[in-house]
Amino acid sequence: MSGFDFDLIVEYLPDFWRGAKATIFYSLTSLALAVAIGMFMALCRISHVALLRWLARGYIDAIRGTPALIQIFFVYFGMPAFGVNLSAPTAAVVALGINSGGYLAEIFRAGIMGVDRGQTEAGRSLGMSYGQTMWRITLPQAALLVVPPAAGEFTNLVKGTSLLSTISVAELTRVAQQIVGVTFRPIEAYVAIGVVYYCLNAVIAQGAVWLERSLRRSQGLE
Amino acid sequence: MPEPVIRIKNLRKSFGDNEVLRGINLEIEAGETLVVIGPSGSGKSTLLRCTNYLEVPTSGSVEVDGVPFALPNVSRRVQERHLNKMRAQVGMVFQRFNLFPHKTALANVMEGLLAVRQMGRAEAENRATEMLERVGLSDKLNAYPAQLSGGQQQRVAITRALVMEPKVMLFDEATSALDPELIEEVLMVMRQLANEGMTMIVVTHEMDFARDVAREVMFMDDGVIVEKAPPEEMFSSPKHERTRSFLRKILRSS
Ligand SMILES: Nc1ncnc2c1ncn2[C@@H]1O[C@H](COP(=O)(O)OP(=O)(O)O)[C@@H](O)[C@H]1O
Ligand SMILES: [Mg+2]
Numbered sequence: 000m001s002g003f004d005f006d007l008i009v010e011y012l013p014d015f016w017r018g019a020k021a022t023i024f025y026s027l028t029s030l031a032l033a034v035a036i037g038m039f040m041a042l043c044r045i046s047h048v049a050l051l052r053w054l055a056r057g058y059i060d061a062i063r064g065t066p067a068l069i070q071i072f073f074v075y076f077g078m079p080a081f082g083v084n085l086s087a088p089t090a091a092v093v094a095l096g097i098n099s100g101g102y103l104a105e106i107f108r109a110g111i112m113g114v115d116r117g118q119t120e121a122g123r124s125l126g127m128s129y130g131q132t133m134w135r136i137t138l139p140q141a142a143l144l145v146v147p148p149a150a151g152e153f154t155n156l157v158k159g160t161s162l163l164s165t166i167s168v169a170e171l172t173r174v175a176q177q178i179v180g181v182t183f184r185p186i187e188a189y190v191a192i193g194v195v196y197y198c199l200n201a202v203i204a205q206g207a208v209w210l211e212r213s214l215r216r217s218q219g220l221e
Numbered sequence: 000m001p002e003p004v005i006r007i008k009n010l011r012k013s014f015g016d017n018e019v020l021r022g023i024n025l026e027i028e029a030g031e032t033l034v035v036i037g038p039s040g041s042g043k044s045t046l047l048r049c050t051n052y053l054e055v056p057t058s059g060s061v062e063v064d065g066v067p068f069a070l071p072n073v074s075r076r077v078q079e080r081h082l083n084k085m086r087a088q089v090g091m092v093f094q095r096f097n098l099f100p101h102k103t104a105l106a107n108v109m110e111g112l113l114a115v116r117q118m119g120r121a122e123a124e125n126r127a128t129e130m131l132e133r134v135g136l137s138d139k140l141n142a143y144p145a146q147l148s149g150g151q152q153q154r155v156a157i158t159r160a161l162v163m164e165p166k167v168m169l170f171d172e173a174t175s176a177l178d179p180e181l182i183e184e185v186l187m188v189m190r191q192l193a194n195e196g197m198t199m200i201v202v203t204h205e206m207d208f209a210r211d212v213a214r215e216v217m218f219m220d221d222g223v224i225v226e227k228a229p230p231e232e233m234f235s236s237p238k239h240e241r242t243r244s245f246l247r248k249i250l251r252s253s
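Chains as they are written, first to last, in numbering that gives the first Met the number 0: chain A, 0 to 221; chain B, 0 to 253.
One chain only, chain A, in its complex shape (with noise of 0.2 angstroms):
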């Protein structure tokens, strides 16, 4: 019981490969989520409506400022006392959303002040809407800067499933669990899966750098 055992690894192939499906789905899941509330709770952050742009900050505040952990457990433990009964997977989902969202909200609602106000103006003087403007003008210019820290925030959302292991759901970290269990062996086990953590964020960065690229090259900077 010494050394590190290759072998080990390769046996639970299978099992590993498993769970890393089932982490870049919970990852583009609860992303695709993400992105939906953090683009509403930005525009309700610069809306001209008091009470949206109230509530998005108390969202933003109670997202930022609680452990990711205590919103995984308050939505599948907590929300059935509301009636709510999620299974595991769909709580996850929704958890880690609502999480990220939080996140992404500030990197949108910076992305969007950080385009020149003038844009703004440009727009409007030609008679487009509020939501044109914001659509067909902003937005686009906004895309640009959010992509870095936006990639940033998909990194911390990747490592951030890892704790769906404590509802049960089984992805990497769950299914590394489950293997010590089995074989004693932790170190095999953990170090397997936190090289396929570091691939997925390597992916991640190097797409946000493709991403980047092709939007710099579709808006004629480069």
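It is possible that part of the hints are untrue.
[To be verified] Below 20 angstroms or equal to it, Euclidean Cα-Cα: the simulated EDC-like pairs (lysine to aspartate or glutamate) are: (1) Lys102(B) x Asp115(A); (2) Lys84(B) x Glu120(A); (3) Lys8(B) x Glu18(B); (4) Lys102(B) x Asp14(A); (5) Lys139(B) x Glu122(B); (6) Lys227(B) x Glu164(B); (7) Lys139(B) x Glu221(A); (8) Lys102(B) x Glu221(A); (9) Lys102(B) x Glu120(A); (10) Lys227(B) x Glu54(B); (11) Lys227(B) x Glu31(B); (12) Lys166(B) x Asp60(A).
[To be verified] Okay, the calculated beta carbon distance ranges per label pair: (13) Ala31(A) x Ser252(B): 57 to 65 angstroms; (14) Arg56(A) x Asp211(B): 52 to 60 angstroms; (15) Gly206(A) x Gly65(B): 24 to 32 angstroms; (16) Arg63(A) x Asp138(B): 49 to 57 angstroms; (17) Arg56(A) x Lys8(B): 45 to 53 angstroms; (18) Asp64(B) x Tyr129(A): 46 to 54 angstroms; (19) Val48(A) x Glu195(B): 42 to 50 angstroms; (20) Gly65(B) x Tyr129(A): 53 to 61 angstroms; (21) Arg241(B) x Pro147(A): 51 to 59 angstroms; (22) Ser60(B) x Leu54(A): 48 to 56 angstroms; (23) Glu18(B) x Trp53(A): 55 to 63 angstroms; (24) Phe76(A) x Asn141(B): 40 to 48 angstroms; (25) Glu18(B) x Pro147(A): 27 to 35 angstroms; (26) Glu221(A) x Glu180(B): 22 to 30 angstroms.
Source of the hints: derived by calculation from the structure; they are not laboratory data.
The beta-carbon is built from N, C-alpha and C at its ideal position, and this holds for glycine as well.
Could you slot chain B with the ligands onto chain A? The hints should help.
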């Protein structure tokens, strides 16, 4: 008396405690070019920005062809729609061009036609191309703003406003951000516009332009109209000492 294209009545605008426009009354007739001069901070930009309601006046009214920007007793939604419709009739050209950097020259000019006029793509492209050719940019249709000189960018910006067929064009120091050798190409476009009978309000320090093109020159200081007169009168025998000292300063520096 024909209805003026622009009628501004008792216009006041404050930013907090700072009253920037202090009772402006102004009428501009069709085909007239009004040049506005005045020291920095006198409220020239604010006046233009109130004229298309980019800034909402604190009090007073602005009308285009007899229709006021502010409607009494309507919902916010109706007022917003009305503002959008009104703004489409007033073209604005900014000192810093404010072209959309993520769109080509052609797409910049098409934008208003597509989004506001809801014109079909093919027709919008034809219209925009034709208009850009008229300002000598037929070889820059697919260039992005970053690939154009300041003078070219401003000509695109003028075209972007013009393609909407506005009833009046507002120019806020349209040549102030340009290198000296690029100023004339923009002034030429503006001159041509005036000759074609466009109604224009032009904030500028280009006194030759004012002399040649303006029906009247208006001197503003400290949020009020100090005096307004045809250019020859304004430049040869200004009535107020404030006007004289401003003109001395500006004519000496050019
Ligand atoms: N959005 C704003 N908020 C606060 N003050 C403003 C704003 N816009 C203009 N001002 C103030 O109004 C005054 C007039 O400005 P402006 O109309 O730009 O003058 P000009 O164009 O003649 O130089 C200045 O004192 C300026 O600081
Ligand atoms: Mg100004």
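Tell me the hint numbers this structure goes against, listed in increasing order. 4, 6, 10, 12, 15, 17, 18, 20, 22, 23, 24, 25
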